[in-house]
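Residue numbers (the UniProt record's numbering), protein chains in the order written: chain A, 1 to 472; chain B, 1 to 472; chain C, 1 to 472; chain D, 1 to 472.
These are computed hints drawn from the structure, not numbers from a lab.
Predicted, not measured: the structure shown is a model, and the values here were computed from it.
Any given hint might turn out to be false.
Same chains, same label: a pair holds when it works inside one copy or across any pair of copies.
Computed list of lysine to any residue pairs in SDA-like fashion (alpha-carbon distance at most 20 angstroms, straight line) [what the hints assert, rightly or not]: (1) Lys93 with Ser127; (2) Lys348 with Val329; (3) Lys348 with Ser303; (4) Lys17 with Thr332; (5) Lys325 with Gly385; (6) Lys325 with Lys348; (7) Lys383 with Ala344; (8) Lys383 with Glu340; (9) Lys316 with Asp295; (10) Lys284 with Pro318; (11) Lys359 with Gly385; (12) Lys448 with Asp243; (13) Lys467 with Arg42; (14) Lys120 with Asp146; (15) Lys17 with Gln338; (16) Lys17 with Asp59; (17) Lys383 with Asp206; (18) Lys348 with Arg327; (19) Lys467 with Asn43; (20) Lys119 with Phe96; (21) Lys147 with Phe168; (22) Lys17 with Leu52; (23) Lys120 with Lys143; (24) Lys17 with Ile334; (25) Lys119 with Arg139; (26) Lys119 with Lys147; (27) Lys222 with Phe96.
There are 4 protein chains.
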Amino acid sequence: MCGIFGIYSFERINVAKKIYYGLFALQHRGQEGAGIATSDGRNIHHYKNIGLVTDVFRDDVLQNLFGYIGIGHVRYSTTGGKAVENCQPFVVKSSFGNIAIAHNGDLVNSNELRMDLEKKGHIFTSSTDSEVIAQLLVRELLKTSDKIEAIKNTLKKLIGAYSLLIMFNDSLIAVRDPWGFKPLCIGRDDENIYISSEDCALTTLDAEFVKDLEPGEIIEIKDGGEISSYKLDFDVPEYMSIDVDVPSIYKGATTCMFEYVYFARPDSTIDGISVYKVRKRIGKILAKEHPVEADVVSPIPDSGVAFALGFSEGSKIPYYEGLIKNRYVGRTFILPSQNERELAVRLKLSPVKSVLEGKRVVLVDDSVVRGTTSRRIVNMVRKAGAKEVHLRIGSPKIISPCYYGIDMATKKELIASNKTEEEIGKKIGVESIGYLSLEGLIKAIGRKDLCLACITGKYPTDINFEKIAKRL
Amino acid sequence: MCGIFGIYSFERINVAKKIYYGLFALQHRGQEGAGIATSDGRNIHHYKNIGLVTDVFRDDVLQNLFGYIGIGHVRYSTTGGKAVENCQPFVVKSSFGNIAIAHNGDLVNSNELRMDLEKKGHIFTSSTDSEVIAQLLVRELLKTSDKIEAIKNTLKKLIGAYSLLIMFNDSLIAVRDPWGFKPLCIGRDDENIYISSEDCALTTLDAEFVKDLEPGEIIEIKDGGEISSYKLDFDVPEYMSIDVDVPSIYKGATTCMFEYVYFARPDSTIDGISVYKVRKRIGKILAKEHPVEADVVSPIPDSGVAFALGFSEGSKIPYYEGLIKNRYVGRTFILPSQNERELAVRLKLSPVKSVLEGKRVVLVDDSVVRGTTSRRIVNMVRKAGAKEVHLRIGSPKIISPCYYGIDMATKKELIASNKTEEEIGKKIGVESIGYLSLEGLIKAIGRKDLCLACITGKYPTDINFEKIAKRL
Amino acid sequence: MCGIFGIYSFERINVAKKIYYGLFALQHRGQEGAGIATSDGRNIHHYKNIGLVTDVFRDDVLQNLFGYIGIGHVRYSTTGGKAVENCQPFVVKSSFGNIAIAHNGDLVNSNELRMDLEKKGHIFTSSTDSEVIAQLLVRELLKTSDKIEAIKNTLKKLIGAYSLLIMFNDSLIAVRDPWGFKPLCIGRDDENIYISSEDCALTTLDAEFVKDLEPGEIIEIKDGGEISSYKLDFDVPEYMSIDVDVPSIYKGATTCMFEYVYFARPDSTIDGISVYKVRKRIGKILAKEHPVEADVVSPIPDSGVAFALGFSEGSKIPYYEGLIKNRYVGRTFILPSQNERELAVRLKLSPVKSVLEGKRVVLVDDSVVRGTTSRRIVNMVRKAGAKEVHLRIGSPKIISPCYYGIDMATKKELIASNKTEEEIGKKIGVESIGYLSLEGLIKAIGRKDLCLACITGKYPTDINFEKIAKRL
Amino acid sequence: MCGIFGIYSFERINVAKKIYYGLFALQHRGQEGAGIATSDGRNIHHYKNIGLVTDVFRDDVLQNLFGYIGIGHVRYSTTGGKAVENCQPFVVKSSFGNIAIAHNGDLVNSNELRMDLEKKGHIFTSSTDSEVIAQLLVRELLKTSDKIEAIKNTLKKLIGAYSLLIMFNDSLIAVRDPWGFKPLCIGRDDENIYISSEDCALTTLDAEFVKDLEPGEIIEIKDGGEISSYKLDFDVPEYMSIDVDVPSIYKGATTCMFEYVYFARPDSTIDGISVYKVRKRIGKILAKEHPVEADVVSPIPDSGVAFALGFSEGSKIPYYEGLIKNRYVGRTFILPSQNERELAVRLKLSPVKSVLEGKRVVLVDDSVVRGTTSRRIVNMVRKAGAKEVHLRIGSPKIISPCYYGIDMATKKELIASNKTEEEIGKKIGVESIGYLSLEGLIKAIGRKDLCLACITGKYPTDINFEKIAKRL
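So here's chain A without its partners, still in its complex pose (with noise of 0.2 angstroms):
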């Protein structure tokens, strides 16, 4: 995942204390790291560490990071462990001064290009896409001065997602891949451009919203806050041919579905399309497809919650909190012994008796991540009474890993691979249990030219999986 932020200020105005409060704003995107990188036209200064944006920085490090040109990082590892040097924005002193860069997604070919450079003599510090990026552009910038063209003729060597803030001393350029398979957008006010992973976090800032960058756009904002847009010229190729009966929005791209059912949050517009309606609009498809007699919805939280709202409007069973998360969840606790495992749920996830006792009870959530997990907690709605419990899932069942950014380590669905949904209903122990169907998701969304991968095992680009094992 991760998520990127950056501000020109036309105004001259330094930058850091907006990005912070930007980066605040998307830290759902990411929370192993974070970083800011700014320029005073000279020079570039920046801190980057582990830990969450209010952990990061302090009022003296943000004071230190002057410059009316910024751009920041929240990192969520999906490869490598918690280490400084993967951490972003990453930065770099060239010939042609400094850089530094952001990004969202992940490459599939980076171990390619990255064992070409190495041939080539260069070397690497970390692990990060974004030093592949640094070392071809600076190769590109040997053969042409003209800063786009050789962003463009970088791009062309990757393969897979990236959303990309790059930061040279006097200038802020944003990139969307040519397949958009993650979002980015533009925002403004008075005095600065923004660039934005989501746009809550331009809400945030109170930044009016300007548009979203379309895949394969190019951005560059230099003196003045003059914005130029640049097309790359890149095929990409036919991916699956759906037949649900909704609009694409950008002819051939794939932009990923689980942003919308997931990762975004849901305050935050894709691509002009709400979140929180996808959401809602999921629960009540879902409704649909597994209609079931229920006395009482209710969500897993967080993540449930907009679907149960929406399956119950859909079901017209009535929507109640069956289950309370403890508001302090988040914070590092000392944990409970190996056979404590249930006191660990118990500790983020609370019955509520009252609602649950004597009732057929419809549990929403987003995913089935483990089966173990979500056994304990059916097992904890019943003990608090419930006569029959049946879960729904507002997402298809994922079969196949991702290789654009998102960690498989956790959203796993290792039942799902294996087992048909009456095997996983079985061993979660539920009366029945419900996956939103393919078509229900593209129809919630309400667009067809997403990333299905996931859910397909259809990949859209080229993958060499046998470079892709070893990375991993």
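Once you've looked at the hints, dock chains B, C and D against the given chain A.
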């Protein structure tokens, strides 16, 4: 407020870690400080500090808290600054061995008791009521060797709210004051007897709920897990007659209505009444009392959620989350400057434009703490496109201070005490405003033996306002 | 041990920061905890915690300690664990306003006093003597409104070592016990009166030394900086007659000889006698008492330096630093494992081969704390090439525990109490060993009114060994 | 400055903890940052951060640094701010596997090398020389598969000071530059080969000293602990002829004289010469060169101690510690305000009045860093009663900047470069001042193959002052 939690392990297993988890489950009752005292039968071990439970206790600290009896406390500062001295449990050495006390509630005559003791040569190291109680108790123990007798004699001197845990080297005593202001309940499992402010902590530890303590009840747990119950012989004066057609649970009791409305966790059940159900009923009654034509009902999260769901059910207006709370709020972040107060609100709450745009919106909250914050939220909702904004409040207007333990410095409705509903609505900038009626509140709770002093100005105990004033 | 430091600013300037610097200068007297209490004339503000002065106090903490009167304390743990409760100053609220007490020394009858008070219904929140003194003082204040009278009546009950600072809302009182066990002195500048355990802290703050408090002297500082002196009417019993030809400074006093030998900073002057000069004289006398043919005299740093210089002067054997102390020792480092104890010594001390190789070396130290450490150092010196190693100790053998405030758990010479010098030397593995004689010690210090209990086993006060034992 | 430490365990035991202790012993060579990289034969693990060794490494961090080969670094900032990026070892991934480099010294042509590389498309993530060396080395490795050959080809491009540790997955290489600017030595025990900046760290780890690396020597340690030695074929140009009757150790070498005078630990021996003995000889020669009639010789601690002892020996004036250094200096404390600069000096150093009063005092220091600090110390000594103050400096006047790794921002003798000795003495306020002569220095060290550039202004290498200037 504050929360208290105690365990007596009749199987003589160390209890500190379980108390830690119990306090974690009660964290919502106090975030300023935390402490645990344990007894191994001969010595008392204790640790307390400023901060959240998860910050105060590390593994090595817990491991040094030996003992099979223990009590814990989470502190919510009502008066005084942040000082370790004022954290609890309060532990003393006396000629009767070590005594540890944890207290939830405020005595209204503690100043008088304290001055009396000081005149007799006693000194105080903290400003807690616990220390006053400890000093009184030790004086009574000089007169009688019967602990329960000494405790009864001590309690007879106390006026106000007190749910108490008193730990001696070899026994654990729990007390709920004769008015039953604050909740307190017992649970058990195969190895332990538990005492907790709320039963949600029993659920977390998978203990079986046994019963709520009755007002004036004293429970003693001794060797082998034997539980003895005593009754404090104490005449609670007549409070006020409320002509609402709901029963009293305990004759003459005056349980704090704010526990149901705001403080307790929604999954708790107090004196047999589900907090979550009360809140949903409040919303439903509110919809009847203050109907409005609108398109969307939305809570101000988190506290407005159950009210808004009830309002939606009662009014048939669809429920949507029009405002999203940033999950990372609660972390210490670098504050916006004075002239960015609106940013401070937007960092916590974010409007969902797609839900609000062009809509007539009903916002539901638990109270109007300060007009300014409410006004900012309303502005934000309008800016997101709402055509009309109607505010509904899940409690009557708060007009009088609480002397029994609820901090009116933070919960004080300055606005409410001097203004009519219309004036308040105008100040906040809404099309309409509606507070729950007193009758509606009592009906929603479903019992009439409540303390309603903050709404009516009539106090269930004598109060020497002059001496109280000195303290504040 | 412990160190105390107080300021009364008659110009009404905040004193907290100056006390902080004073405590920094007294840090050698106690590293376990630190605290400061200040009075602004009406309220007492205070803060204390575990740790070094520089760790406990940050700028924001100091800035909240308002007030023109203040006392501070550095704690050296003699009994009990590390607990904030046992840090000082001890601050209490009483009917006579707030009182803060800081104490250096140990009372030998505190257990009896404590039990007496407990029988009268008093309770204790710490295990400090300060709390006992506070309770006694408040009881005396009930009987007389004359503070000095009440203090005198309190002090008459105390047996043992106490240099005390007592702060009321508007006055500061300093006391040195009638035996003069611990040092205490007064200083001043144009704005403040200072009281300090040692005059080195006065030098740090550029204050002028006024005088040492005499044994049994009570000093009161009041408005305008007026200083009144009172004398405690108290008969100190005859101690022991020592037939050494040096004068007594105070008739009947028994000042702790270890202050001169080990504890006080070398740049301090106690009761008119320079600590540094005492230590050099000790070395000189040691050279006469235990002469040896050798090539090099080397200290075991830091405490042996002055002794070794004196030894070199007395013996004409050249002084070299044969062992270098790592400057960064004192930092918490990851300890070597059990079977690397020698590494632990080498991390602290390093031999200078070029100095030791082929030489007959005299090592000089202040005491033999444990035979094992000394043996490891001697091994290290031999391994570096020393032909012979002779050990000289700058104090007589310590054979009895101290009940007046010096921790025999860390300073106990286990070896010394049961063994002859020859046996000790053999155990440590040196060619010869020599302890300073009692007479030599007294001559070096230059006064005979000393407490020598740890050397002679004869105590200057009555001691109820049974009750003391209980405490330990 | 900086210090480097490496271990190859031919018994394949984890080395991280031993490196930690080695760096602790070298902490005096750099306090700004620390790092360790280890290799388990396949992967390199590393960690580095700002701070002291004991702050940077906790037990859990060390335990994750697996591997039987390892190198460590303590950083002393010469240029650039405090940034983790500039800490070492510098670790890179290349087509030749992982490489880690730790460097002590400054290259004078690193800017030129860096610009050359940048022109070829290389990028830099730090401002360290290590990264330049790594990039050059990887380029050479593309040309030859022989590591030693590639290293030699790389080194031939480097001008300036470099003691280097280079770690590959399965070997450890150490290099001392052809001028021998910085020390580097080898040790061993039954399980490990050690490389260290100073032999004091070998002593700490109880390793046997094997030899100093010769200027231009390359040592390779491979499987089984086999050590191969290579010689860099490199012509060091003639430096300057010094007509002092002492030998050269290495023909043509120019070892930094400041290692002997100030930087190295006194218990170290560099190129066969004991640092402690050099310092004592300096004092003795200084006494001959600048005799004075006085009563007391006192060092300014800590660096003046050995000089002062030598001065005392040479002059027969008795040695006393007239100034005591607070043992807790080095801790971060709250700074006195601007107008309390004298307090800042008194917090660090305290005069011993009994030693200074009425005396003619010789103060001995290693250099006059800034006139103001020296003047404050002299004032303090006078205020303590000294009748006369004579200052003796254990090195010649420093008049030229060092480009080989000694930070002239902190050690710069501003005063010395423009003023005569008399003028300096007048400014500081002493009765007389005396600097060591150049001849005296060389005699005291006992070798003439020294870099004396900071004293004479003549540099042993070509220096492109224009390019150096840009960097500073």
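Kindly indicate which numbered hints from before are broken by the structure, ordering the numbers from low to high. none
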